[in-house]
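So the protein sequences, as listed, match chains D and Y.
Numbering-wise, the first sequence is residues 9 to 305 according to my numbering.
Numbering-wise, the second sequence is residues 9 to 305 according to my numbering.
Heads up, a few of these hints could be off.
As the list makes no split between identical chains, a pair holds if one copy fits it or if it spans any two.
[As the list claims (entries may be wrong)] For lysine to aspartate or glutamate, the following EDC-like pairs were computed, each having C-alpha atoms within a straight-line distance of at most 16 angstroms:
1) K36 with E206
2) K188 with D96
3) K146 with D45
4) K12 with E206
5) K126 with E30
6) K58 with E129
7) K256 with E206
8) K58 with E30
9) K146 with D21
10) K58 with E144
11) K256 with E222
12) K12 with D96
13) K146 with D103
14) K126 with D96
15) K55 with D96
16) K188 with E67
17) K188 with D254
18) K126 with E161
19) K126 with D202
20) K226 with D260
Rather than coming from a laboratory, the hints here were simulated on the basis of the structure.
These numbers were taken from a predicted model, which means no experiment stands behind them.
Number of protein chains: 2
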Amino acid sequence: MAEKTLSGRLARDILGKIRGGEFMPGDKLNAQCLASDLRVSRTPVLKALKILADSGIAEHRPNRGYTVADTPPPAKIKDFKEPSSASDFYFRLADDWVAGRISQDVTEQFLLQHYDVKRSEITSTLFRATNEGWAERKPGYGWTLLPVVNTPEAFEQVYRFRAAIEPAALLEPTFELDFKVLDELQRIQERYLDGLVETETADRLVLVGLHFHEAIIKLSGNIFFHQALVRVNRLRRLLEIRSSVDRKRVYDQFSGHLELIGLLRQGDPVAASYYMRQHLTEAAARKGSLQRTYGGT
Amino acid sequence: MAEKTLSGRLARDILGKIRGGEFMPGDKLNAQCLASDLRVSRTPVLKALKILADSGIAEHRPNRGYTVADTPPPAKIKDFKEPSSASDFYFRLADDWVAGRISQDVTEQFLLQHYDVKRSEITSTLFRATNEGWAERKPGYGWTLLPVVNTPEAFEQVYRFRAAIEPAALLEPTFELDFKVLDELQRIQERYLDGLVETETADRLVLVGLHFHEAIIKLSGNIFFHQALVRVNRLRRLLEIRSSVDRKRVYDQFSGHLELIGLLRQGDPVAASYYMRQHLTEAAARKGSLQRTYGGT
DNA sequence: AAATGTTTTTCTTGTGATGAATATGCAAAA
DNA sequence: TTTTGCATATTCATCACAAGAAAAACATTT
Numbered sequence: 009m010a011e012k013t014l015s016g017r018l019a020r021d022i023l024g025k026i027r028g029g030e031f032m033p034g035d036k037l038n039a040q041c042l043a044s045d046l047r048v049s050r051t052p053v054l055k056a057l058k059i060l061a062d063s064g065i066a067e068h069r070p071n072r073g074y075t076v077a078d079t080p081p082p083a084k085i086k087d088f089k090e091p092s093s094a095s096d097f098y099f100r101l102a103d104d105w106v107a108g109r110i111s112q113d114v115t116e117q118f119l120l121q122h123y124d125v126k127r128s129e130i131t132s133t134l135f136r137a138t139n140e141g142w143a144e145r146k147p148g149y150g151w152t153l154l155p156v157v158n159t160p161e162a163f164e165q166v167y168r169f170r171a172a173i174e175p176a177a178l179l180e181p182t183f184e185l186d187f188k189v190l191d192e193l194q195r196i197q198e199r200y201l202d203g204l205v206e207t208e209t210a211d212r213l214v215l216v217g218l219h220f221h222e223a224i225i226k227l228s229g230n231i232f233f234h235q236a237l238v239r240v241n242r243l244r245r246l247l248e249i250r251s252s253v254d255r256k257r258v259y260d261q262f263s264g265h266l267e268l269i270g271l272l273r274q275g276d277p278v279a280a281s282y283y284m285r286q287h288l289t290e291a292a293a294r295k296g297s298l299q300r301t302y303g304g305t
Numbered sequence: 009m010a011e012k013t014l015s016g017r018l019a020r021d022i023l024g025k026i027r028g029g030e031f032m033p034g035d036k037l038n039a040q041c042l043a044s045d046l047r048v049s050r051t052p053v054l055k056a057l058k059i060l061a062d063s064g065i066a067e068h069r070p071n072r073g074y075t076v077a078d079t080p081p082p083a084k085i086k087d088f089k090e091p092s093s094a095s096d097f098y099f100r101l102a103d104d105w106v107a108g109r110i111s112q113d114v115t116e117q118f119l120l121q122h123y124d125v126k127r128s129e130i131t132s133t134l135f136r137a138t139n140e141g142w143a144e145r146k147p148g149y150g151w152t153l154l155p156v157v158n159t160p161e162a163f164e165q166v167y168r169f170r171a172a173i174e175p176a177a178l179l180e181p182t183f184e185l186d187f188k189v190l191d192e193l194q195r196i197q198e199r200y201l202d203g204l205v206e207t208e209t210a211d212r213l214v215l216v217g218l219h220f221h222e223a224i225i226k227l228s229g230n231i232f233f234h235q236a237l238v239r240v241n242r243l244r245r246l247l248e249i250r251s252s253v254d255r256k257r258v259y260d261q262f263s264g265h266l267e268l269i270g271l272l273r274q275g276d277p278v279a280a281s282y283y284m285r286q287h288l289t290e291a292a293a294r295k296g297s298l299q300r301t302y303g304g305t
């Protein structure tokens with residue numbers, strides 16, 4: 009299910025709340041509360057609830073609204089998956105460009121013909137690519153795709169940039185520990201070290217790693233550090249997802265994350281900052297050696 | 009003249025080349041060369057040349073193309089000014105938002121009715137604002153404008169971020185001195201210290217300051233530092249242009265720039281990096297005190 | 001050949017209509 | 001009074017098509 013409509017996504021979100029324990033079987037699903045919580049009007053929420061009711065996850069009684077069903081049939085639940093990023097036009101375009109399958113100069117018309125997408129999506133994608141720094145509008149018609157992120161040095165440069173901002177972010181005066189966030193992150197890392205590293209996709213492993221760093225930096229309370237990191241990470245996704253992942257290295261990486269959480273819990277941001285710098289420098293060195301063999305593919 | 013068309017902008021660009029000495033009176037203006045130089049086809053270049061010929065800046069002889077006129081009438085030249093940023097919808101929207109003249113929640117329809125712009129411009133502006141971090145699409149219809157950049161702390165946070173990246177950028181292994189750039193920057197700073205500080209608009213002074221830092225950081229050879237700086241500077245423009253400028257402080261600032269150039273010329277990036285950190289910390293402290301009195305307006 | 005002038009083709013933007021989706025207002029039920 | 005269900009009003013994406021602008025192809029002159 010591709011969840012193209014708002015109500016479809018809302019159904020997934022509400023199901024997430026149910027599975028996350030926010031609502032227990034028999035609980036009332038108040039339409040107004042859900043609507044303001046999800047920042048939409050009641051109309052799409054009601055549709056979402058109807059979808060859930062049709063799946064047997066919720067129950068509806070006239071003039072009494074919806075409640076969580078007592079025994080949600082688990083078979084239906086997998087219908088509400090997240091859409092995969094591989095189907096995203098942005099990633100397809102980036103992939104084709106990095107792989108050299110399309111020329112440097114493209115027109116919107118060309119993209120319209122060669123990819124099965126709407127014009128609006130082409131516009132927004134090119135706009136986004138411009139913002140990410142790998143596309144540029146020509147003065148007249150057409151666009152130019154830039155080679156920046158394509159070069160092997162880009163990998164190292166990203167790490168050097170992160171080594172400048174991430175340790176600094178931990179030393180911000182507005183930095184504040186949020187144990188709820190730390191607990192959550194710790195749980196995730198442990199779950200992965202406990203086996204998921206072997207079974208999850210490479211794609212997923214990279215994302216979990218990125219998310220860890222973003223969540224930590226967000227604690228700095230300085231949005232500019234966080235935004236900058238999110239931004240370079242978007243590019244990293246383009247680069248790294250294509251490369252294979254050495255799962256042994258992922259163990260080291262995730263253990264390092266746990267170590268960092270430990271230092272933060274001890275209330276020692278200076279040590280944490282220092283450790284973060286180390287963590288990034290190591291990762292950069294590994295990537296560097298990987299990169300040298302990677303150019304040939 | 010608003011220069012809405014490509015040929016209009018090309019006319020301005022070509023005039024710039026003439027005034028910059030690239031073409032002398034009597035020189036031939038080869039359409040093909042100009043076209044590939046400006047990355048467009050000959051069609052809009054020819055239109056631009058026609059505009060210039062109509063203004064008496066160029067001359068046209070059938071089947072011989074265009075040449076620079078011997079005595080370009082200076083009166084006409086002021087018609088080819090840059091468009092002012094104040095007329096830019098992006099800045100008008102940002103200004104109205106920061107000043108509290110529009111509500112947090114806006115629909116595209118609302119903007120369409122209250123500003124005299126095309127739908128496409130609204131779309132791209134909101135997209136840009138999203139990328140700058142001060143707007144966000146609601147799940148259903150409408151957009152939410154975010155207060156982030158509005159708060160007084162934003163000023164300080166920007167400076168702290170810059171203090172993290174700018175000195176680090178100067179220490180990048182790929183950092184390379186470009187004396188042409190340094191000479192140019194030095195000339196500009198000196199010209200301003202030599203009187204322009206008093207006469208130019210506050211708007212302009214801020215921009216010159218931003219541009220200096222961006223140009224220096226660009227020398228690092230690491231595009232991620234440069235991009236991050238450009239990005240936060242876009243926000244600073246929104247914030248600072250509204251505030252008045254203390255011209256005495258600008259002298260200090262521009263003298264500091266000259267000092268920095270001096271250190272770079274001596275080939276001492278470590279000292280330059282250290283000086284940069286000082287320079288930014290000072291500026292932050294000044295802004296901080298300014299900010300405390302600024303909140304009331 | 002190379003540059004210029006001219007024509008043809010291609011690309012993009014703007015407009016308005018349409019329909020689907022969302023927001024909102026109101027009466028009825030709890 | 002609050003919540004629900006439904007009817008109505010808005011909002012926005014999309015489509016087709018026309019007009020304008022740029023690119024490319026062609027013809028002509030130097």
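Hints versus structure:
In this homomeric assembly, K36 and E206 never come within 16 angstroms of each other (Cα to Cα): the closest approach is 40 angstroms inside a single copy and 67 angstroms across copies. For the homomeric pair K188 and D96, neither the shortest alpha-carbon distance inside one copy (32 angstroms) nor that between copies (43 angstroms) is at most 16 angstroms. Taking CA atoms no more than 16 angstroms apart as the test, K146 paired with D45 passes between copies only; the shortest distance there is 12 angstroms, against 43 angstroms inside one copy. In this assembly of identical chains, the alpha carbons of K12 and E206 never lie at most 16 angstroms apart, being 31 angstroms within a copy and 57 angstroms across copies at closest.
In this homomeric assembly, K126 and E30 never come within 16 angstroms of each other (Cα to Cα): the closest approach is 38 angstroms inside a single copy and 44 angstroms across copies. Within a single copy, K58 and E129 get their C-alpha atoms no closer than 29 angstroms, and across copies no closer than 37 angstroms, so neither meets the 16 angstroms cut-off. Taking identical chains as interchangeable, the C-alpha atoms of K256 and E206 lie at most 16 angstroms apart only when both belong to the same chain, with a minimum of 9 angstroms there against 62 angstroms between chains. In this assembly of identical chains, the alpha carbons of K58 and E30 never lie at most 16 angstroms apart, being 19 angstroms within a copy and 69 angstroms across copies at closest.
In this assembly of identical chains, K146 and D21 lie within 16 angstroms of each other by CA distance solely across copies; the values are 15 angstroms between and 41 angstroms within a copy. Taking identical chains as interchangeable, the C-alpha atoms of K58 and E144 are never at most 16 angstroms apart, the minima being 44 angstroms within one chain and 28 angstroms between chains. For the homomeric pair K256 and E222, neither the shortest alpha-carbon distance inside one copy (23 angstroms) nor that between copies (40 angstroms) is at most 16 angstroms. For the identical chains of this complex, K12 and D96 are intra-copy neighbours only, at 12 angstroms inside a copy versus 34 angstroms across copies, given an alpha-carbon limit of 16 angstroms.
Taking CA atoms no more than 16 angstroms apart as the test, K146 paired with D103 passes in neither setting, with 21 angstroms inside one copy and 29 angstroms between copies. Proximity of K126 to D96 under the C-alpha cut-off of 16 angstroms is restricted to the intra-copy arrangement: shortest distance 12 angstroms within a copy versus 28 angstroms between copies. For the homomeric pair K55 and D96, neither the shortest alpha-carbon distance inside one copy (25 angstroms) nor that between copies (40 angstroms) is at most 16 angstroms. Neither within a single protomer nor between protomers do K188 and E67 lie at most 16 angstroms apart by alpha-carbon distance, with minima of 32 angstroms and 73 angstroms respectively.
In this homomeric assembly, K188 and D254 never come within 16 angstroms of each other (Cα to Cα): the closest approach is 30 angstroms inside a single copy and 45 angstroms across copies. Taking CA atoms no more than 16 angstroms apart as the test, K126 paired with E161 passes in neither setting, with 34 angstroms inside one copy and 41 angstroms between copies. When the C-alpha separation of K126 and D202 is checked against a cutoff of 16 angstroms, the pair qualifies neither within a copy, at 43 angstroms, nor between copies, at 55 angstroms. In the homo-oligomer, the alpha carbons of K226 and D260 never lie at most 16 angstroms apart, since the shortest distance is 23 angstroms inside one protomer and 34 angstroms across protomers.
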